Amino acid sequence: MYRYDQYDQAMVDARVAEFRDQARRRLEGKLTEDQFKPLRLMNGLYLQLHAYMLRVAIPYGTLDSRQLEKLADIADKYDRGYGHFTTRQNIQYNWIKLEDAADILAELASVEMHAIQTSGNCIRNISSDHFAGAAADEVVDPRPYAELMRQWSSFHPEFSYLPRKFKIAVIASEKDRAAMRLHDIGIRIVKRGAEVGAEVYAGGGMGRTPMVAPLIRDFVALDQLITYAEAALRVYNRYGRRDNKYKARIKILVHELGAAEYTRQVEEEFAHLLSVGVEPPLAELERIKAHFAPPPFVSSEVETPFEQHLSTILEANGGQGSAFGRWVRRNTHPHKAPGYVSAVISLKPAGGIPGDATSEQMRLVAKLARDHSFDELRVMHTQNLLLPHVRIADLPAVWQALDEAGLGSPNMDTIEDIIACPGLDYCSLANARSIPLAQRISERFAETGRTEVVGELKLKISGCINACGHHHAGHIGILGVDKKGVENYQLSLGGSEAEDVSLAKITGPGFDEDGVIAAVEKVTDVYLAKRSDGERFLDTYRRIGMEPFKEALYG
Amino acid sequence: MGNDLGTSPDEVQFRFRDDEPVDHATVTVDSCCDQTNAAAVRIEPGDDARVLLPFLDRLALVEVNFPAFGDGRGYSAARILREAGYTGELRAVGQVLIDQLSHMRRCGFDSFAPDKRLDEEDAARAFATWENVYQRAADGRRTVAEKRHEA
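Residue numbers (the working numbering), protein chains in the order written: chain A, 1 to 555; chain B, 1 to 151.
One chain only, chain B, in its complex shape (with noise of 0.2 angstroms):
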């Protein structure tokens, strides 16, 4: 393949849908919009998740990579991606730790990737952190507003 860019379906720990997962590397941002066939594409912080939107039905993949867990600027990237309509699946990459798992499911990813292996029942524990949510996101939940209004 002469690219080794991207995580492999066996580094994947937690992963919340049904489908296969692709098996092929993913490409930069820049080489997605380049080629015509990529289906797997790697957001790196720096790079404006806007420019995959007219190439969402061909993706089948997209990793978004923590490098620091710290740059929040990934989490926009899979909410923008969502609200776009992108329905494959939204990996998160790098450095991804127990308190961070429910916010970036909230913001859209369904698989995650993370750099060191975590703990199990912490994770699940993680997952499960927020019974109520304040605000709308890209996982579709009701909101406490909604909820407190609803007929």
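Just chain A, with the same shape it has in the complex (with noise of 0.2 angstroms):
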């Protein structure tokens, strides 16, 4: 993985004292709130309901055992006892005092982590595929371009006041495990013959006027690839729309302008910035694909098919229908070197808080990704964390380590996988709670067995239109909402943040906590009884439609 040389090191300790000397500003009363508030909220520290909230990046998801015990650490010194993994793979710490933040900054700068740029109007930390590196199904390892693409977005001089936030993904496979079309600009690295270079996607988001981003250029060779970031954000910093922030995002000047005239303007100032010559030497690309270079893969198991090692492993444990048998066909991800698969530590422990790990758990996985995973680990964008290369025969021991410390649930893309913001629990814009819906959801399901019988339902909760939980690509998605006082919960479905994009569709009249469980469950009636033979719930309502469900909820 990437590593820190003495550049990378002196722009993180430089943020450091900046940040330290702006808190100090802020003290004497030379910077007003309102002033200090952006410069704030780029180091990642939020005001929610009852403390500041510090959101940490892990670009790309990618950590070692350091950095999670530095973060397990912090958890346990300046907040209490746990932190909240989020959908972008950052980390969030509820319960921060403004005085330790600069502290805490050193900290994360001493294991080569920061908090820059996590919030306020500027070029988000870049996210990818937590299967990136490992996937057997990717081009190219995304994340050298990820690691390019964050040195590059990272204190940039002309897009630090930008109408809004910006996110951007980048992905390099057909499958999408990054929702890299619901961000302000999502990168697919593909292959054109033998040439490696970038799709680019422009103005997808979520939040209350949610848009799938439309391609807006098929290939840009590698060695622009900085440059057409450049012009597209540009574009996007000279014309995005300043008077309202509801309308501020990349998505609504691409809709308002049309995508091929968004894509002219686009085009028109990479040719001239191609002529500025912005782009970093080719030479850094490949300094840092070198950080990517695959680990030392034991090859003697080369010869030994994948199906065939895995079935001696699960027969040697208790067969298919045992707990370790169910957490390996839920839990684990085909990996390209034969051998070793991916396998997903579930932080959605039924009744538990979706994305929450506490500083005990995350040693305990920091332990673990020493001992099997090559020392390295992964934040998924649905809040649970990743081994990314762990040895067939080395899945009892992992899954054992796991289960003891209620890390085992086998529920990766189930009902129970639910991503959840924080909701009213934590929140200021909230309207409603999320967590405790998510709590007795997934303890619901769990109770009942259903779970299983169901399959992969991917169910999405947002406390409120700013959609931070990803209801709108929710296959079943619930929207928090205050009415008259009480809270509501719309219910939506069919959204998809995979490569078969889609967003979801309200069901119609909103339900109150109690209603809104009893929804998902008929819900999930009307699946069972109408799917047929390997159909998921997706699948069954892209067939079917709404009407069956709305006539089982309503009816």
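These are calculated hints, taken from the structure and not from any lab test.
Since the model is a prediction, treat every value here as computed from it, not as a measurement.
Take the hints with a grain of salt, since some may be wrong.
To be verified - With a straight-line cut-off of 27 angstroms between C-alpha atoms, the simulated BS3-like cross-links for lysine-lysine are:
# : chain 1 : residue 1 : chain 2 : residue 2
1 : A       : Lys522    : A       : Lys505
2 : A       : Lys245    : A       : Lys165
3 : A       : Lys245    : A       : Lys37
4 : A       : Lys30     : B       : Lys116
5 : A       : Lys245    : A       : Lys505
6 : A       : Lys191    : A       : Lys175
7 : B       : Lys147    : A       : Lys289
8 : A       : Lys289    : A       : Lys245
9 : A       : Lys37     : B       : Lys116
Work from the hints to combine the two standalone chains into their complex.
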């Protein structure tokens, strides 16, 4: 994985010093709160309902055991012993004191981490496929491109006061595991013949006006990628709306101009910037790539076919139907290296808070990464953790350790694997609570044994229209609203953040908390009654449409 | 003059040029395009800096106004002018604050007339924030990537 050199380290150190100075000037009254706010936001510091929240960047979701242990230490020293992993592969601490913030940033810098641009109207942390560098289906490892963009976007002098926040995702396979087309800019690394380049999508997003990003260019050469991104950002910075914060995201600009006109303007700017010369030397990309060289996989296992290897392990450990067997089936993902899998560590125990991990759990996961995954870890956009490179032979030991720590739930991509925003329990923007609803739904489905029967069903809950819980992209989405002072939940169906991206449609009038839980069960009843062989919930919905579900809910 | 648009040299707190400052008022972008002799112009956030490109050789001062510090359009305007070869004074005016100075400098601003005077010491520290830079910009500084790969 990527390691800082003297320059990268100097940059984050300079940032810590800068923030310390800003905090001092705020305390001395030289900065008003209005002036300080965008500065603290660009260092990840939000003011929530009860306290400051600090969002720490985990670039493209990759970290090592030393870094996760540091995150655990910060949770113990400055927070309440836990952290919350987010849908953009970051971690949030919910109970931070302003006066500790600079010290925390300094601790992060000591392990090559930071909170730079995790908030504010700037280019946010670059996210990527959580299986990057491991997935059997990727064209290349997308992370070098994400790292190149991390450096380009950090402290960008022209793009630090954009109309609104700006999120970029980089993937490199047909499968989309990063909600790429729901980003302000989505990049898919592709091959054209032997040449590697980038497809660029622009103007996606969720929030109050969800949009799927259209393709604006089918191939950008790798030695022009930064130049193209710079052009796309410059057009947005100049012409994105600033009169209304709710219409300020690039999706509105692309929508109002039309994708063709936006693209024309970007192409014009791109041609100009090519003549100016803003691209880093291609040797820099090669330097970064060397950091992402595959770990030394054990080659003696090359000869054993994957399925055979897996079934041998399963037979020796209780078979398909055992708890271990169910976890292997649900939570492991095919790896490019024979004899290995990627193993998902669920942060979604039934009845738990989606995405939360205690410091003890973080330390255990760090140890497992060291012992079984070449010291590498990932944060998934689904708010889970991942050991990317686990030998199939190690799976029983890994599972046992996880299970003992309450991290062994076999529920990846099931209805228990709920994405939920912090909601009204923490967030000052929320209209309704998300967490208790997620807890009750996962508990209910786990109790009735329905999780396994229903199979893949992505449920996503947001506590307000800003859609941090991705409800527009849920196979089932739930949006909390305030109805005359009472929490009310709107149900929607048919969304997807994956390669079959779509936006969910609202079923009809909302429900109270008990009502929406019952409604989710009714929706799964309809699915189970109507599904044909092998159909996921989403497939059945797309085949039969909204009507049968409406009838069951309101008929 | 009948026109008090623009800042006077007295209001300039930081200037990184040796030439004599232009000592007359600026005109709007529209007026600049209509007049043949204006040497100083003021860009508002909604103006397209590119309409000035045909007139760059007669301009000695371009002021870019920041009525609100959070409106970042002026950063693009500045870079566009420098990329087009403008070498005259480029002055940031309005809500110019300590923590924006280093980015403005990188985008090509070489003089600063904040509407409220800034603490000199804080400003000096702010201008020196970045010993290294990741991006190419209008200041011609060598980037980290270039330093890494120089022979």
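For each hint, the structure was consulted:
A distance of roughly 17 angstroms separates the Cα atoms of Lys522(A) and Lys505(A); the hinted pair therefore holds under the 27 angstroms criterion. Only pairs whose Cα atoms come within 27 angstroms are accepted, and Lys245(A) paired with Lys165(A) is accepted, the gap being roughly 10 angstroms. Restraint check: the Cα-Cα separation between Lys245(A) and Lys37(A) comes to about 16 angstroms, which is no more than 27 angstroms; the hinted pair holds. Between Lys30(A) and Lys116(B) the alpha-carbon distance is near 11 angstroms, which keeps this suggested pair within the 27 angstroms criterion.
With a CA separation close to 24 angstroms, the supplied pair Lys245(A) and Lys505(A) stays within the 27 angstroms bound. Taken as a hint, the Lys191(A) and Lys175(A) pair is honoured in the structure, with Cα atoms around 15 angstroms apart against an allowance of 27 angstroms. Simply put, Lys147(B) and Lys289(A) have alpha-carbon atoms about 18 angstroms apart, close enough for the 27 angstroms limit, and the pair holds. At roughly 38 angstroms between alpha-carbon atoms, Lys289(A) and Lys245(A) are farther apart than 27 angstroms, so this suggested pair is violated.
As the CA atoms of Lys37(A) and Lys116(B) are separated by approximately 19 angstroms, the hinted pair is consistent with the 27 angstroms bound.
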